[in-house]
Amino acid sequence: MEWLIPASESTPQVHYAPETGTLSLEGESYPEDVAEFFGQVKRWIDGNFQPGGDYRVSLKLWYLNTGSTKSLLDILRLLAAKVDAGARVTVEWHYIADLELMREAGEELLEGCRVPWKIVPVEPE
Amino acid sequence: MTDSVNFLWVLASAALVMCMQIGFCMLEAGLVRSKNSINVAIKNLCDFCVAAILFWVSGFALMFGNSPTGWVGISDFFLESVTAPSALVFFIFQLMFCATSATIVSGAVAERMSFASYLIVTAVVSGLLYPIAGGWAWNQNGWLHQLGFRDFAGSTVVHGVGGWVALASVIILGPRIGRFDIKHSLASSHSLVISTIGVLVLFVSWFGFNGGSTFALTDAVPGILLNTVLGGAAGFIGALVSVWPHKKLPELPPALNGCVGGLVAITAGCQAMSPASALLVGFIGGVLSYLTVLALEALRIDDVVGASAAHGVPGVWGTLAVAIFGNLEVLDTGLGRWEQLGIQLLGVSVFFAWAFGVGWAVLFAINKLHPLRVDADLELVGLNVSEHGASTEIIDLLNEMAHHSYKGEFTERVSFEPFTEVGQIATQYNRVIDKVVAEMEMRESIARHLQRARDESENANRKIFSSLQYARRIQHAILPSPRQLQETLGDHFVLYEPRDIVSGDFYWCATVGTKRICAVVDCTGHGVPGAFMSMIGYLLLEHTIVEEQMLEPAEILSAIHQRVRQALGQNSDEGAGNRDGMEIALIRIDCDEVIFAGANRPLWWFIPTTGEPEFGEIGGDHHGIGGGALEPEMIEFTQHRIPRHPQLALYLQTDGLLQQPNHLRAIYDRRRLRELLSSLQTTPISQQARHVSASLQNFRGGAKQRDDITLIGLQPFSLPEPEVPPSAVNGTEYGDELFRLEGPMTSRAIADAGRILRERSNLTMQSRLALFGLFVEMAQNIARHSAERADGVGVGTIFARIEENYIAIGASNLVNAARAEALRAEFDRLRALDPAQLRALYMERLHQGTSEAGSSGLGLIDLSRKSKIFPEISLKERGPDKFLFSMTVRVPHN
Chain A
9 MEWLIPASES
19 TPQVHYAPET
29 GTLSLEGESY
39 PEDVAEFFGQ
49 VKRWIDGNFQ
59 PGGDYRVSLK
69 LWYLNTGSTK
79 SLLDILRLLA
89 AKVDAGARVT
99 VEWHYIADLE
109 LMREAGEELL
119 EGCRVPWKIV
129 PVEPE
Chain B
10 MTDSVNFLWV
20 LASAALVMCM
30 QIGFCMLEAG
40 LVRSKNSINV
50 AIKNLCDFCV
60 AAILFWVSGF
70 ALMFGNSPTG
80 WVGISDFFLE
90 SVTAPSALVF
100 FIFQLMFCAT
110 SATIVSGAVA
120 ERMSFASYLI
130 VTAVVSGLLY
140 PIAGGWAWNQ
150 NGWLHQLGFR
160 DFAGSTVVHG
170 VGGWVALASV
180 IILGPRIGRF
190 DIKHSLASSH
200 SLVISTIGVL
210 VLFVSWFGFN
220 GGSTFALTDA
230 VPGILLNTVL
240 GGAAGFIGAL
250 VSVWPHKKLP
260 ELPPALNGCV
270 GGLVAITAGC
280 QAMSPASALL
290 VGFIGGVLSY
300 LTVLALEALR
310 IDDVVGASAA
320 HGVPGVWGTL
330 AVAIFGNLEV
340 LDTGLGRWEQ
350 LGIQLLGVSV
360 FFAWAFGVGW
370 AVLFAINKLH
380 PLRVDADLEL
390 VGLNVSEHGA
400 STEIIDLLNE
410 MAHHSYKGEF
420 TERVSFEPFT
430 EVGQIATQYN
440 RVIDKVVAEM
450 EMRESIARHL
460 QRARDESENA
470 NRKIFSSLQY
480 ARRIQHAILP
490 SPRQLQETLG
500 DHFVLYEPRD
510 IVSGDFYWCA
520 TVGTKRICAV
530 VDCTGHGVPG
540 AFMSMIGYLL
550 LEHTIVEEQM
560 LEPAEILSAI
570 HQRVRQALGQ
580 NSDEGAGNRD
590 GMEIALIRID
600 CDEVIFAGAN
610 RPLWWFIPTT
620 GEPEFGEIGG
630 DHHGIGGGAL
640 EPEMIEFTQH
650 RIPRHPQLAL
660 YLQTDGLLQQ
670 PNHLRAIYDR
680 RRLRELLSSL
690 QTTPISQQAR
700 HVSASLQNFR
710 GGAKQRDDIT
720 LIGLQPFSLP
730 EPEVPPSAVN
740 GTEYGDELFR
750 LEGPMTSRAI
760 ADAGRILRER
770 SNLTMQSRLA
780 LFGLFVEMAQ
790 NIARHSAERA
800 DGVGVGTIFA
810 RIEENYIAIG
820 ASNLVNAARA
830 EALRAEFDRL
840 RALDPAQLRA
850 LYMERLHQGT
860 SEAGSSGLGL
870 IDLSRKSKIF
880 PEISLKERGP
890 DKFLFSMTVR
900 VPHN
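Heads up: the sequence lines are chains A and B, in that order. Just so we're aligned, residue 9 is where the first sequence starts under our numbering, counting upward by one. Just so we're aligned, residue 10 is where the second sequence starts under our numbering, counting upward by one.
Source of the hints: derived by calculation from the structure; they are not laboratory data. Be careful, since some hints might not be right.
What follows is a set of in silico ranges between Cβ atoms, one per label pair, in the way DEER data are often shown [unchecked claim]:
| id | chain 1 | residue 1 | chain 2 | residue 2 | range |
| --- | --- | --- | --- | --- | --- |
| 1 | A | E131 | B | T618 | 33 to 41 Å |
| 2 | A | P14 | B | A519 | 19 to 27 Å |
| 3 | A | P14 | B | D890 | 21 to 29 Å |
| 4 | A | R85 | B | A519 | 31 to 39 Å |
| 5 | A | R85 | B | Q846 | 19 to 27 Å |
Each residue gets a CB set at the ideal place from its N, CA and C atoms; glycine is no exception.
My request is simple: use the sequences and hints to build the entire structure.
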């Protein structure tokens, strides 16, 4: 089932496309209440990523505050647990080519992640 | 009875038939327009003369000469061997019939066929068509006669031939100019009286036509005459009862035609029918004549007098009726009724084919050699003049009048003998001309008078107008410039539409220190008085706000109120009658809120939401400024606060827009404006004026503008931060502040400021992103940890500036003693670490515990590791349990 949380000023757009099994987060993330925002994403993944399913988590985040970074790490841990349970998951971090900070943020986030991941440059819009 | 009595009867009948020429002449002349009457009349005489001679030359021979084949007679040309008196009587009688057949055509083709062509057609009809076909039916050897075809006095032989040739002629000629013009029907028949007399003459003549056809004064004659009378009368009635319900009028021409139609119909069988049958036959003949008229009209065939309707179709009917109603013994053909009907049908078909078909072919050929029709201009002039040079007084008078109208000359009079009708018309016309001339002279004199008066008043107007134009320039000079408005108000629009050249409305803005103030003012009156008041208002605003630096909106209004009263002497007895003043909506824009006070003027605001924009109206106080006896001497106005919202849109207005009526006297009204503005909240504010103006124009329609109209819309928090000279980024000039945010770090304030920071076009994207990240982290720290709080969030300051080697971003806020101590310890620890260690510590803390455990401390490590040189930290005591904590982070330009 498709799922969408529109972007707000301090939270990214969250969208799940069932035909490709892609959950994407795009925008920037520095909500006042980190737990509330990422809590719902986490609960959704927990309820919808099935063992045996093929999933792609696409992240295109200009900016993450430290709270959001920490919450994303939580989500990566949950994804690792899903992989352990038999789901096939890949994580992609998209960064704008030439935007080193964005790439570094991804590297730091994914360092030591047990879910297969890759970092992909994209052309500036 | 003796031969002489019979001679007398037949010759008298012949004379009566000749009278048909008179009847037709009158009928046709009356039915046409007067400009063609002479032409029709002369054609009637002429065809008789031509027919008479040709019938003597060849007609009689072809018709009644020895006819061995039964198709055409071949003896007795020029009456060679016809000498017996009885034969001559017969000839004379038949001659009249021939002439009758020929003359029928003249009415149909009236008003457009040339006279010469008509002579040719007459010759063809009377010399060839009529005699040859007539012989088939009436020659004792005629093949139709032999078959048993009976047409006693010529329903088909005479009237059929005439009617069908007439029909062929009018089809070839085409309708008269304007006959089927829907807009202008042709002028009607010029004298129906003459026409009616003509029909009466025909009626009488028919006594001879039918009565003489026995060729003897027999016992049958009275019955024949009775039938003739009944047929004609019934024909008239038949047509009358047809036209009356149809046209809602007993129109005369169709009824006249019906009478003739009834007579034509009874002609074929009048010797062999009962009076009742004759009546029925005539009645149907009359009805058929009217139906034929309608059919011709529908087919756009222009038969002027309805010859084919009165003669052709009733002729067919009458000939068939012989078989239907006729006494077979009297007919004495030895045929049964159905056989008789078949023969009658054959007869009328043959005659139609001959008269219409051959007639059409002959006319078509003639038309090729010599056009049957006169030229259009001759037709318009009328055939009387164009063909015969026969003018009438009335035509001459018309010519004279046409000459007048052509020259536009009205001083000349027309001269005619005064005692004729035309003379009387001319006299009356001359009187009209005299009156026109007198009237024209009077009007010219009045026009000259008016022109002088207008010149004078135009001169005066021009002076007033140029003086007002000058005043307008002065008034416009006090209005803030677009640039000033943009700097003070942010994104905005101004809709300013004075009713007159100068206006009682004006708007005003100024920046005093960090406060931005804007006012929309509606002075009493409009035009010149309003403009005087507006100058007072302007000076008082300048004086009170800019010079005296009075910045509280409510106080400003109170002060201006008193000063207006003072200036106009409204507090003294002398000025008690003065009630002038103004209404003001005034706002002050601070960094985090808008403060409003209104004197009889409201403030409208909108905030976009996902659905309908949120709307509010702050009414202001119900007091005007000044107002003389209407208002108290002192008024305390109320201040209203609207908190900062980045997309907040404010609208200040005078009442001119809402009170503008349309032509139905409905006013534009607040609801319409509110809905319009609500729908425009997704439109950039600078473009909204266009829509409001269009809506107003659309609503107003042709109604006059009632009052001056002013509407200002603004987004007070859309202002960009002060421009940074581009050179500063290159490091040649530094110390410029890029950005500063003071106040409560609400999530909205953070988002807005963050956006401004990120969109600064003179920094690289990398720098913008870095700066943005640092800013958010600092702002959220302040929001959480500042000891000074408002609306539940921490208050503090963040700024960014360009330095020689770095972009510096600093934050400061109050903290309590415990927090100050913790911070000092934390930074002491962090300061000891090198960048790699800082990163390691950051990663370690990042993975430590879950997010729910909070991320405080992580932010400080992140800020420290991102700073190119270790952050500048200071903690200054500001009071008991109060420290000002400042931290400055530096990142490189790139």
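Verification of the hints:
1. A:E131 <-> B:T618: 33 to 41 Å: holds, 35 Å
2. A:P14 <-> B:A519: 19 to 27 Å: Once the Cβ atoms are compared, 41 Å apart, the range 19 to 27 Å for B:A519 and A:P14 is violated.
3. A:P14 <-> B:D890: 21 to 29 Å: Hint violated: Cβ distance 44 Å, outside 21 to 29 Å.
4. A:R85 <-> B:A519: 31 to 39 Å: violated, 58 Å
5. A:R85 <-> B:Q846: 19 to 27 Å: holds, 25 Å
Of the hints listed earlier, those the structure fails to meet are numbers 2, 3, 4, in rising order.
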